[in-house]
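A.B. asks: Here the protein sequences line up with chains H and R, keeping their order.
Last residue of the first sequence: 360 (our numbering), numbering continuous.
Last residue of the second sequence: 245 (our numbering), numbering continuous.
Fair warning: there could be bad hints in the mix.
FRET-style restraints, in silico, Cβ to Cβ [said to hold, decoys possible]:
#1 Arg-133(H) <-> Gly-107(R): 17 to 27 Å
#2 Asn-159(R) <-> Gly-158(H): 47 to 57 Å
#3 Asn-159(R) <-> Arg-133(H): 20 to 30 Å
#4 Asn-159(R) <-> Arg-134(H): 27 to 37 Å
#5 Leu-130(H) <-> Asp-14(R): 24 to 34 Å
#6 Leu-130(H) <-> Ala-120(R): 38 to 48 Å
#7 Gly-29(R) <-> Arg-134(H): 33 to 43 Å
Residues of chain H placed beyond 12 Å of chain R at every Cβ, according to the derived structure [claimed, not checked]:
#8 Phe-19
#9 Leu-91
#10 Gly-165
#11 Ile-192
#12 Ser-310
Worth flagging that the hints you see were computed from the coordinates, not collected in a lab.
Computed from a predicted structure; not experimentally measured.
Positions of the beta carbon are idealized from the N, C-alpha and C atoms, including for glycine.
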Amino acid sequence: MRLLRKPVTGFAIGAVLLFGVAPLALGDFRLDLLAKYLCFAIVAVGIGLAWGRGGMLTLGQGFFFGLGGYAMAMHLKLADAGPGQMPDFMLLYGQLDELPWWWRPFANPLFALSATVLLPMFTALLLGLLIFRRKVRGAYFAILSQALCAAFAILLIGQQGTTGGTNGLTNIQGFFGYDLNDPVNRRTVYFIVAAALLAVLALTWQLMRSRYGELLVAVRDGEERVRFLGYDPANVKLVAYVAAAGMAGLAGALFVPAVGIVSPAMIGVVPSIEFVIGVAVGGRASLLGPALGAIAVAWAKTALSERVPSAWTYFEGLLFILPIVFLPGGLASLAGTIRRRSRPSAVVETPAPAKVEVTT
Amino acid sequence: MSGLSVRDLRVVFDGFVAVDGVDLDVPRGDVRFIIGPNGAGKTTMVDAITGLARATGRVTWGDHDLLGRKVHRIARLGVGRTFQTATVFEELTVLQNLDIAAGWSRGPLTLLRKRKAVPAEVENAMETVRLSAVRDRLAGTLAHGQKQWLEIGMLLVQNAELFLLDEPVAGMSHDERDATGELLGRLSENHTVVVIEHDMDFLRRFARTVTVMHAGRKLAEGSVAEVQANPKVQEVYLGHAVQEA
Ligand SMILES: Nc1ncnc2c1ncn2[C@@H]1O[C@H](COP(=O)(O)OP(=O)(O)OP(=O)(O)O)[C@@H](O)[C@H]1O
Ligand SMILES: [Mg+2]
Chain H
1 MRLLRKPVTG FAIGAVLLFG VAPLALGDFR LDLLAKYLCF AIVAVGIGLA WGRGGMLTLG
61 QGFFFGLGGY AMAMHLKLAD AGPGQMPDFM LLYGQLDELP WWWRPFANPL FALSATVLLP
121 MFTALLLGLL IFRRKVRGAY FAILSQALCA AFAILLIGQQ GTTGGTNGLT NIQGFFGYDL
181 NDPVNRRTVY FIVAAALLAV LALTWQLMRS RYGELLVAVR DGEERVRFLG YDPANVKLVA
241 YVAAAGMAGL AGALFVPAVG IVSPAMIGVV PSIEFVIGVA VGGRASLLGP ALGAIAVAWA
301 KTALSERVPS AWTYFEGLLF ILPIVFLPGG LASLAGTIRR RSRPSAVVET PAPAKVEVTT
Chain R
1 MSGLSVRDLR VVFDGFVAVD GVDLDVPRGD VRFIIGPNGA GKTTMVDAIT GLARATGRVT
61 WGDHDLLGRK VHRIARLGVG RTFQTATVFE ELTVLQNLDI AAGWSRGPLT LLRKRKAVPA
121 EVENAMETVR LSAVRDRLAG TLAHGQKQWL EIGMLLVQNA ELFLLDEPVA GMSHDERDAT
181 GELLGRLSEN HTVVVIEHDM DFLRRFARTV TVMHAGRKLA EGSVAEVQAN PKVQEVYLGH
241 AVQEA
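Let the sequences and hints guide you as you build the complete structure.
C.D. replies: Structure, rendered in structure tokens:
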């Protein structure tokens, strides 16, 4: 019972902060920003699972974020345009006589909504099968992930007529019948994002504490070793990778109504690295660390680039390097150290990476 | 025959022949010790049997051909091994290590839930390898000997029928060796055990049969007394420190 109470209390505090304190304390503008940060936090929770617990440095989550984002934005653009109409940018470029075939299903809200999560998950499943069965890992996996999101961004930019190119899908007005220019509706969007974050946290918490979660850590620390116990590590990694992709897709989908736009610049290499930085700062192997780290880094980015735009890039580089060199467990490990000092019998709750080499 | 059968096993690393046409038969229920100087190919042979090293020849365990199968498939056939340097999941507790080892056949629903109770086989294995008292310790904090025992416990819960133990008492204290020897005795009641070992004293006390390897080949085979009396074995061991750990 005591075990049960603790995380429940944590979720209650989180809910009060997100649903009570933040909407009261923040003005419309700041709340919009927070909604955007919470989207990043959702991506971060998935990276925490895949990287922190699973050892897969997912440096290309922008790809899945983008799949979810574009799926949602395509639907909203079609809904804005009205039944049978083409989105404004297609008319503007004037290259097309009719809607491309692959746009059409996104007119259906159910299809589009499920696609935001299922499309990234399905893509991750296919990719994962290829990658993990071939034992691609470590730096090669990270580079491959990066290449993937870079390629996706380039593809989108190249197909300006049907994807909006560099501009992306912009000027989104409505969200399932609600006008996004109305602050009340934007507040609702914020609440949806906050609820999604809590749901994703709850799901990840369950995954981490389950037997699967322990197995995932075992695979992270001794991928070769678990084979001798009868497991195929490829399948174990696949589950976390697909889950993380689904979360990134969901985040991308919510990002669109929260910010009103999705474009290649938001899903390419740089934002993908920024996702990971937040996770590294917060503590990749913990549950809340990645989410809090992502919010903190996104907030710092806004605050800093408002004042000294040129300084952000350097600061960001530092943020990436410092935790990796001095605090591999991120800020969450500080909290853990403090907690352990005050409660000596504590079991370690967030196993940090360690390698088990099968050398013979 | 039932048991482990190895025929004409060859393992070649970039032109270097580490195992050179070895035949080996270990009947079910045997406690077979494999000895030989450093570099004799003992570990490499176990690597080949468990799917880690590519090999030619034929290896069967019961009715199953092992060569060419993936490591995890071989493990599922009841062939388990430990490593020369104990490899356990250091960031997980003793209990978690054992629970994972017990679990490859679990379905997704069991996997996605938290462990509610300690499975009976895990409880028994912890008792057998004397780690019950430290079940919630991280495996990384265990003493060297305890890690070796944990690995043996993992084989127990894994339902391995053939135990391939690579130098299980290396680096152990005298008392730990005795305890491990006793453990081997109990294991052999319902398992087939193959032990790679350098320690002659340990071998004399606990081996049933012995295979001697040298330079990738099998040199001799028989009871402890037979092997010790074999002039070829004495010759190979003359220039080598027999007692080295
Ligand atoms: N992966 C590898 N690549 C190249 N050579 C290898 C490899 N693994 C083992 N060898 C070589 O094969 C030979 C046999 O090694 P192996 O580890 O099987 O010996 P061993 O009998 O277990 O010795 P020890 O008692 O020292 O553990 C050695 O000469 C070793 O250098
Ligand atoms: Mg060896």
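A.B. asks: If a hint holds in the structure, say so; if it does not, say that too.
C.D. replies: Going through the hints against the structure:
Take Arg-133(H) and Gly-107(R): their Cβ atoms lie about 22 Å apart, and the range 17 to 27 Å holds. Between Asn-159(R) and Gly-158(H) the beta carbons are some 55 Å apart, a value that agrees with the proposed interval 47 to 57 Å. The beta-carbon spacing between Asn-159(R) and Arg-133(H), approximately 26 Å, falls within the hinted interval of 20 to 30 Å. At roughly 30 Å, the beta carbons of Asn-159(R) and Arg-134(H) sit within the given window of 27 to 37 Å.
Distance hint for Leu-130(H) and Asp-14(R): a CB-CB separation of about 29 Å, consistent with the stated range 24 to 34 Å. For the pair Leu-130(H) and Ala-120(R), the beta carbons lie near 40 Å from each other, so the given range of 38 to 48 Å is met. Restraint check, Gly-29(R) to Arg-134(H): a C-beta distance of roughly 40 Å satisfies the suggested window 33 to 43 Å. With 12 Å as the threshold on Cβ separation, the claim that Phe-19(H) sits away from chain R holds: the shortest Cβ distance comes to roughly 27 Å.
Distance to chain R confirms Leu-91(H) as a non-interface residue, since its nearest Cβ pair spans about 48 Å, more than 12 Å. Every CB of chain R is more than 12 Å from the CB of Gly-165(H) (nearest about 42 Å), matching its label as outside the interface. Every CB of chain R lies more than 12 Å from the CB of Ile-192(H), the least distance being 26 Å, so the non-interface label holds. A cut-off of 12 Å between C-beta atoms confirms that Ser-310(H) is not in contact with chain R; the least separation is 41 Å.
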